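> Letter by letter, the chains look like this.
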Amino acid sequence: MTTRWFGARVQRVEDDRLLRGRGHFTDDIDEGALESCMVRSPYAHARITSIDVSAARALPGVKAVYVADDLPFGHTDLPILIPHPNLTHGRTQRCLASEVVRYAGEAVVFVVAESRYIAEDAADLVQVEYESLPVVITPEVAAAADHLVHDDVPGNVAAEMLQEVGDVKSALAAATHRKRLRLRFERGAACPMEGRAVWARWSETEHRLTVYDSTQSPTSIRGGLAVLFGLPESDVEVIAPDVGGGFGPKIMLFYPDELLVPFAAMQLGRPVKWTEDRQEHFTATNQERGQVHEVDVGFDDDGRVLALDDDFIHDGGAYTPYGIILPIISAAQVPGPYRVPNYRVRFRDMYTNAIPTSPYRGAGRPHACFVMERTLDAIAAELGLDRVEVRRRNLIATNQFPYEVGVVWQDGNQVIYDSGNYPALVERALEMLGPRPEGDHIGMGLSPYVEGTGVGPYEGAHVQVLVSGKVVAFTGIPNQGQAHATVWAQIVADQLGVEVSDVEVSSGDTRRFKWGVGTFASRSAIMAGNAMAVAAGMVAEKAKHIAAEHLEADPADLELAGGSVRVKGSPDRGIPLAAVAVLSNPMRYAFGGGTEAATQFAAKPRPGSPLPEGEQPGLEATGYFSPVGSAWAAGCHAAYVRVDPKTYRLEILKYVVVHDCGRLINPLVVEGQIEGGVAQGIGGAFYERLAYDSDGQLRNASFMEFLMPYATEIPKIEIDHIETPSPLNPLGIKGAGEAGVIPVGAVLAAAIEEALGVAITEMPLSPLKLYELFTSPPRGEVAPLA
Amino acid sequence: MRVNGTVHPAPADPRRLLSDHLRHDLGLTGTHVGCEHGVCGCCTILLDGAPVRSCLMLAVQAEGHEVTTIEGLAAAGAPLHPVQQAFHECHGLQCGFCTPGFVMSVVGLLGQHPNPTTEQVDEGISGNLCRCTGYASIRRAVHRAAELSNK
Numbered sequence: 001m002t003t004r005w006f007g008a009r010v011q012r013v014e015d016d017r018l019l020r021g022r023g024h025f026t027d028d029i030d031e032g033a034l035e036s037c038m039v040r041s042p043y044a045h046a047r048i049t050s051i052d053v054s055a056a057r058a059l060p061g062v063k064a065v066y067v068a069d070d071l072p073f074g075h076t077d078l079p080i081l082i083p084h085p086n087l088t089h090g091r092t093q094r095c096l097a098s099e100v101v102r103y104a105g106e107a108v109v110f111v112v113a114e115s116r117y118i119a120e121d122a123a124d125l126v127q128v129e130y131e132s133l134p135v136v137i138t139p140e141v142a143a144a145a146d147h148l149v150h151d152d153v154p155g156n157v158a159a160e161m162l163q164e165v166g167d168v169k170s171a172l173a174a175a176t177h178r179k180r181l182r183l184r185f186e187r188g189a190a191c192p193m194e195g196r197a198v199w200a201r202w203s204e205t206e207h208r209l210t211v212y213d214s215t216q217s218p219t220s221i222r223g224g225l226a227v228l229f230g231l232p233e234s235d236v237e238v239i240a241p242d243v244g245g246g247f248g249p250k251i252m253l254f255y256p257d258e259l260l261v262p263f264a265a266m267q268l269g270r271p272v273k274w275t276e277d278r279q280e281h282f283t284a285t286n287q288e289r290g291q292v293h294e295v296d297v298g299f300d301d302d303g304r305v306l307a308l309d310d311d312f313i314h315d316g317g318a319y320t321p322y323g324i325i326l327p328i329i330s331a332a333q334v335p336g337p338y339r340v341p342n343y344r345v346r347f348r349d350m351y352t353n354a355i356p357t358s359p360y361r362g363a364g365r366p367h368a369c370f371v372m373e374r375t376l377d378a379i380a381a382e383l384g385l386d387r388v389e390v391r392r393r394n395l396i397a398t399n400q401f402p403y404e405v406g407v408v409w410q411d412g413n414q415v416i417y418d419s420g421n422y423p424a425l426v427e428r429a430l431e432m433l434g435p436r437p438e439g440d441h442i443g444m445g446l447s448p449y450v451e452g453t454g455v456g457p458y459e460g461a462h463v464q465v466l467v468s469g470k471v472v473a474f475t476g477i478p479n480q481g482q483a484h485a486t487v488w489a490q491i492v493a494d495q496l497g498v499e500v501s502d503v504e505v506s507s508g509d510t511r512r513f514k515w516g517v518g519t520f521a522s523r524s525a526i527m528a529g530n531a532m533a534v535a536a537g538m539v540a541e542k543a544k545h546i547a548a549e550h551l552e553a554d555p556a557d558l559e560l561a562g563g564s565v566r567v568k569g570s571p572d573r574g575i576p577l578a579a580v581a582v583l584s585n586p587m588r589y590a591f592g593g594g595t596e597a598a599t600q601f602a603a604k605p606r607p608g609s610p611l612p613e614g615e616q617p618g619l620e621a622t623g624y625f626s627p628v629g630s631a632w633a634a635g636c637h638a639a640y641v642r643v644d645p646k647t648y649r650l651e652i653l654k655y656v657v658v659h660d661c662g663r664l665i666n667p668l669v670v671e672g673q674i675e676g677g678v679a680q681g682i683g684g685a686f687y688e689r690l691a692y693d694s695d696g697q698l699r700n701a702s703f704m705e706f707l708m709p710y711a712t713e714i715p716k717i718e719i720d721h722i723e724t725p726s727p728l729n730p731l732g733i734k735g736a737g738e739a740g741v742i743p744v745g746a747v748l749a750a751a752i753e754e755a756l757g758v759a760i761t762e763m764p765l766s767p768l769k770l771y772e773l774f775t776s777p778p779r780g781e782v783a784p785l786a
Numbered sequence: 001m002r003v004n005g006t007v008h009p010a011p012a013d014p015r016r017l018l019s020d021h022l023r024h025d026l027g028l029t030g031t032h033v034g035c036e037h038g039v040c041g042c043c044t045i046l047l048d049g050a051p052v053r054s055c056l057m058l059a060v061q062a063e064g065h066e067v068t069t070i071e072g073l074a075a076a077g078a079p080l081h082p083v084q085q086a087f088h089e090c091h092g093l094q095c096g097f098c099t100p101g102f103v104m105s106v107v108g109l110l111g112q113h114p115n116p117t118t119e120q121v122d123e124g125i126s127g128n129l130c131r132c133t134g135y136a137s138i139r140r141a142v143h144r145a146a147e148l149s150n151k
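Chains P and H, in that order, are what the protein sequence lines are. Heads up: the first sequence is residues 1 to 786, going by the numbering used here. Heads up: the second sequence is residues 1 to 151, going by the numbering used here.
None of these hints come from the bench; they were simulated from the model. None of the values given here were measured: they were computed from a predicted structure. A few of these clues could be false.
[As the list claims (entries may be wrong)] Just some of the chain P residues that point at chain H, by a computed CB distance under 7 Å:
id, residue
1, Asp28
2, Gly32
3, Glu194
4, Pro241
5, Ala485
6, Val628
7, Gly629
8, Pro667
9, Leu668
10, Glu675
11, Val678
12, Ala691
[Stated by the list, open to error] Among chain P residues calculated to face chain H with C-beta under 7 Å, some are:
id, residue
13, Val13
14, Gly21
15, Val141
16, Pro605
17, Gly672
18, Ala701
19, Ser702
20, Glu705
21, Leu707
[To be verified] Which bits of chain H does chain P cover? Going by a derived footprint, with three or more residues having C-beta under 8 Å, they are:
id, region
22, 3-14
23, 20-30
24, 51-58
25, 72-81
26, 88-99
27, 104-116
Backbone N, C-alpha and C fix where the C-beta goes; we use that ideal spot for every residue, glycine too.
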C-alpha cells in the first residue's frame with residue numbers, strides 16, 4: 001500500500017451537497033408523513049393522578065393520541081444498555097410515564113396528527129393532573145437522601161464502585177504533605193445544531209419497517225426495534241442520514257420517540273415523523289458532567305504525588321439507561337498522564353430528578369482532568385513551586401509504555417496506555433505559548449491530558465470495485481460531521497491505488513452494512529478506518545489474484561496504482577481495475593459497461609470451473625477490525641487569559657493545543673475536530689450553565705439564556721501535532737473527536753485563578769460566579785496563588 | 001412571494017412559519033431549523049437581499065417580497081457560489097446543519113462589506129451558532145469568500 005492519500009490535507013468530498021442545501025437530514029424527509037409531538041411532564045417529580053386525552057383526540061386532524069395503556073410495551077421498562085454488576089439499583093423509564101414522572105420533560109402522552117401545528121394544538125388540550133413529590137436536584141442533595149427519586153432505591157444510590165491501586169491509606173499517612181480539595185463540575189448540554197428526529201414507515205406489502213433516525217447508532221436501533229416488534233432484523237432498516245452533530249446524546253437509546261414513531265407508523269399505516277424542538281433538547285435529551293469530587297492527596301517536598309484518594313458522586317439523573325460508564329471513565333481518567341503510585345477511587349452514582357445522563361463529548365473526562373489538574377495546581381501553590389515543573393515531575397516517562405494504571409476501563413479491561421510522549425507535549429505547548437503578555441490580571445493555565453479512544457468491540461466495512469472502476473465503501477457507523485466520506489475514501493484509495501474522487505462512501509445505513517456499533521468515544525477513525533483498510537486490502541489481494549491470471553504474472557509481482565493492477569516496474573503491463581471487476585464475475589449475459597469481456601466466449605477459458613471453489617464473484621470484500629484495547633491519545637493545552645477586574649469578562653489572549661492522535665489521516669479534519677472541541681470546552685467552562693432550580697426546573701431551556709458561544713467568544717486556536725502511532729491497530733491511529741474539549745476547563749480554571757487570585761474549584765464559571773468568588777472567596781480549599 | 005426567482009402563492013394557514021413553508025410546502029429543505037426562537041441562525045434566508053430569520057416570520061409576511069434560500073445561490077450542476085466555494089476550501093463546515101444559515105449571512109455581509117475587516121467578519125457571523133467548527137475555519141472562509149467575490 002502506498003500512502004499517497006493517508007496524511008494529506010484532502011478537502012472534504014461531502015461538502016458540495018451540504019453547501020447547496022441538498023443535504024439529507026431526518027426532518028427533510030416528508031413523503032406524506034404524519035407529524036407528532038409529546039406532552040411532557042412540567043414537574044420534576046410527581047405522581048400522575050389522571051390523564052384525559054378526549055379533547056385532544058376529538059380535534060380535527062388528530063390521528064392518534066397515545067398514553068402508556070395504548071402501547072403493547074407501555075408498561076415495560078426500557079433497556080439498560082450497559083449492565084454492570086455494580087449497578088445494583090439500575091432503573092429505566094418507560095416510553096410514556098403513567099404513574100410517576102421523575103424529571104421535568106419526561107414524556108407522558110404522544111400525539112400524532114396531520115401536521116405539527118395540529119399536534120401541538122392537540123397537546124394543549126391534553127389534561128394531566130399531577131400530585132407533586134419532593135424534588136431531589138444536584139448530586140449533593142441526592143447524597144443527603146432526605147428524599148428519594150425511586151422509592152425502592154435506598155440513599156438514591158444506583159451504583160457504588162471502589163477501586164484501589166497500592167496502599168492509599170498508608171501512603172497518605174506517610175506523606176510529608178497532604179491536601180484536601182472539594183471540586184465540583186456541573187451538568188452541560190451537548191446542543192448539536194440539529195436536534196434529534198425520527199421518521200418511520202411501515203410497508204405491509206413488503207413487510208418492512210424503514211426508520212430514519214438522527215442517531216449515532218443505527219445498527220443498535222435496528223436490533224432493538226426488531227426485538228420490540230418481534231420482526232426479523234432483515235425486515236427492519238435503520239438509516240442515520242446526514243446527522244447535524246451528535247456529541248454524545250444521540251448515542252443513547254432508546255429515547256421514547258424512537259419507539260413511538262415506528263409504532264405509530266405501523267399502527268396508522270402512514271409514515272410518521274417526530275422532530276425535537278430546542279426546548280425539548282434542553283428538557284428531554286440526555287445531559288452529562290455533574291460530579292462532586294472529594295480529593296485527598298499526599299505528596300513529597302518536590303511535589304511528587306505519592307497517593308491520591310478520590311471519592312466522588314456522579315449525577316446520574318432520574319434513570320440509568322446508559323449504566324455507569326460515565327463514572328467508570330472518570331474514575332479511570334483521573335490520574336491522566338501522571339504517575340500515581342497509590343490511587344483509590346470510589347464513586348457513587350446518584351439518582352436526581354433531572355434528565356438521565358449519558359456521554360457528552362468528553363464523557364467523564366473533562367471533569368476527571370479538572371480534578372487532577374486542580375490538584376496539581378494546589379500542590380504547586382502549597383509548595384511554592386512552578387506549576388509546570390510540578391507536572392514535569394509527575395508525568396509518565398516515555399520509556400514507561402505500555403503503562404498500566406491499575407483501574408478498570410470502559411471496555412471491561414484494565415487501563416493500559418499503549419504509547420505516548422507526554423513530556424514532549426508539555427514542552428511544545430510551552431514553546432508555542434511563548435512569553436507572558438504584559439499587563440495586569442493575566443493568568444496562565446496549562447493542562448496535559450490523555451484520552452482512551454477507539455473502544456471496541458468492533459466495526460466492519462464493505463468495499464466493492466464496480467465494473468466502472470469506481471469504488472463504493474460502506475460501514476455501519478454514521479457520520480455527524482467527522483468527514484467520514486473523505487477519510488474512509490483516503491484509506492480505501494491508498495489500498496486500491498485509485499483517486500479519492502473514485503471512492504464513494506456510505507455510512508450509517510443498515511441496508512448497506514448491517515453490523516457495527518456506533519460513532520462515539522472517538523472511535524470511528526480507529527474502528528471503521530482500520531476496517532476499511534482491512535476490507536480494501538482484501539479487495540486488493542483479490543484484484544491481484546484475478547489480474548495475475550490475466551497478465552500471466554505472479555500476484556506477488558503486481559501492484560495497484562493509477563486505477564490499474566500492473567506489474568511492478570512495468571507500468572505498461574497492467575489491466576484497469578474496472579476490467580478486473582468485470583472478470584471477477586464470470587457471466588453468461590453481458591449487461592453493458594464492458595461486462596461482455598467476462599462472458600463465456602469472450603473470456604479466456606479458465607481451466608476447471610469458472611468460479612472455483614472458495615471464490616466468490618465480485619471484486620468486493622467485507623472486513624472487520626476489533627482491537628485488543630483502547631488506543632490512548634494525549635495532548636496538552638495552554639492559554640493566557642485576562643480577566644477584566646470590573647466586569648469579570650474573560651479574554652483569552654492566546655490558546656495553544658499540541659495534540660497526539662497517532663498517525664493523522666487528514667490534518668484538516670483533525671484540526672477541525674480540535675477547534676470545535678476547544679470551542680465547546682470554552683462554552684462549557686465559562687458561558688453555558690444549565691440553571692436548574694431547587695424544583696428541578698431548568699430555568700434557561702433556550703438559546704436565549706443558555707449561552708452557547710458565537711464566533712465573538714472563541715479565540716484563534718494554534719495547533720501542532722506530534723505523532724506517536726498506536727501499536728494496537730495497523731494504521732497506528734488514535735481517536736481525535738473528544739480531545740479538544742477535555743482539558744479546557746482545567747486550563748481556564750488555572751489561568752483565571754492566577755489572573756484574579758481566587759481559588760477556582762468549580763465549573764462552569766461566569767462573570768457573575770467570578771464576582772461572587774472575588775467578593776466572598778471559599779475558605780479551606782485551594783489557596784490563592786501568590 | 002417570489003422564492004429563488006419563482007412566484008409562489010402564500011400558504012392558506014396564516015400561522016405557517018416562513019421556515020416551515022419553505023421547507024415543507026416548497027420542499028426547500030436547505031433552510032434548516034435549529035431553535036425556532038431566532039438565536040441560532042440556521043434558518044437564515046435573504047429577504048430582499050438582507051439576511052433574516054425565517055423562523056421568526058410568518059410565511060404570509062413574505063408576501064410581495066423576494067426570498068432567496070441556499071438553493072437559490074447556485075443552480076444544480078453550476079459551480080458553487082463564491083461563499084459556498086470558500087466554505088469548502090477552508091473546511092468551514094462539518095455536519096453542515098448550520099451551514100446554509102452561515103452562507104446566507106455571509107452573502108448578506110459581503111453585500112454590505114465587500115472587504116470586511118476581522119471585526120466585521122466576527123460581527124457579521126455573530127448571529128449564527130455552529131457547534132462543530134469552533135468558528136476558526138468559518139472566519140477563514142469569510143475572508144476567502146471576499147477574495148473570491150472580488151476576483
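> Take the hints in turn and mark each one as holding or not.
Verification of the hints:
1. Asp28: Holds: closest Cβ of chain H sits about 4 Å from P/Asp28, inside 7 Å.
2. Gly32: violated, 11 Å
3. Glu194: holds, 4 Å
4. Pro241: violated, 11 Å
5. Ala485: P/Ala485 check fails; min Cβ-Cβ to chain H is 11 Å, beyond 7 Å.
6. Val628: Violated - the Cβ of P/Val628 stays beyond 7 Å from chain H, reaching only about 31 Å at its closest.
7. Gly629: This interface hint is violated because 29 Å lies over the 7 Å limit.
8. Pro667: violated, 10 Å
9. Leu668: holds, 5 Å
10. Glu675: holds, 4 Å
11. Val678: holds, 6 Å
12. Ala691: violated, 16 Å
13. Val13: Given a least distance of 10 Å, the restraint on P/Val13 is violated.
14. Gly21: Constraint on P/Gly21 satisfied, holds at 2 Å.
15. Val141: violated, 30 Å
16. Pro605: violated, 45 Å
17. Gly672: Holds: closest Cβ of chain H sits about 5 Å from P/Gly672, inside 7 Å.
18. Ala701: It is violated, given that the least Cβ distance between P/Ala701 and chain H is near 11 Å, above 7 Å.
19. Ser702: This interface hint holds because 6 Å falls under the 7 Å limit.
20. Glu705: P/Glu705 check fails; min Cβ-Cβ to chain H is 10 Å, beyond 7 Å.
21. Leu707: violated, 10 Å
22. 3-14: With 1 residues closer than 8 Å to chain P, the region 3-14 of chain H misses the three-residue bar; violated.
23. 20-30: holds (count 7)
24. 51-58: violated (count 0)
25. 72-81: That given contact holds, which follows from 4 residues of the region 72-81 of chain H lying within Cβ reach (below 8 Å) of chain P.
26. 88-99: holds (count 10)
27. 104-116: violated (count 0)
Hints 2, 4, 5, 6, 7, 8, 12, 13, 15, 16, 18, 20, 21, 22, 24, 27 from the list above are not met by this structure, while the remaining hints are.
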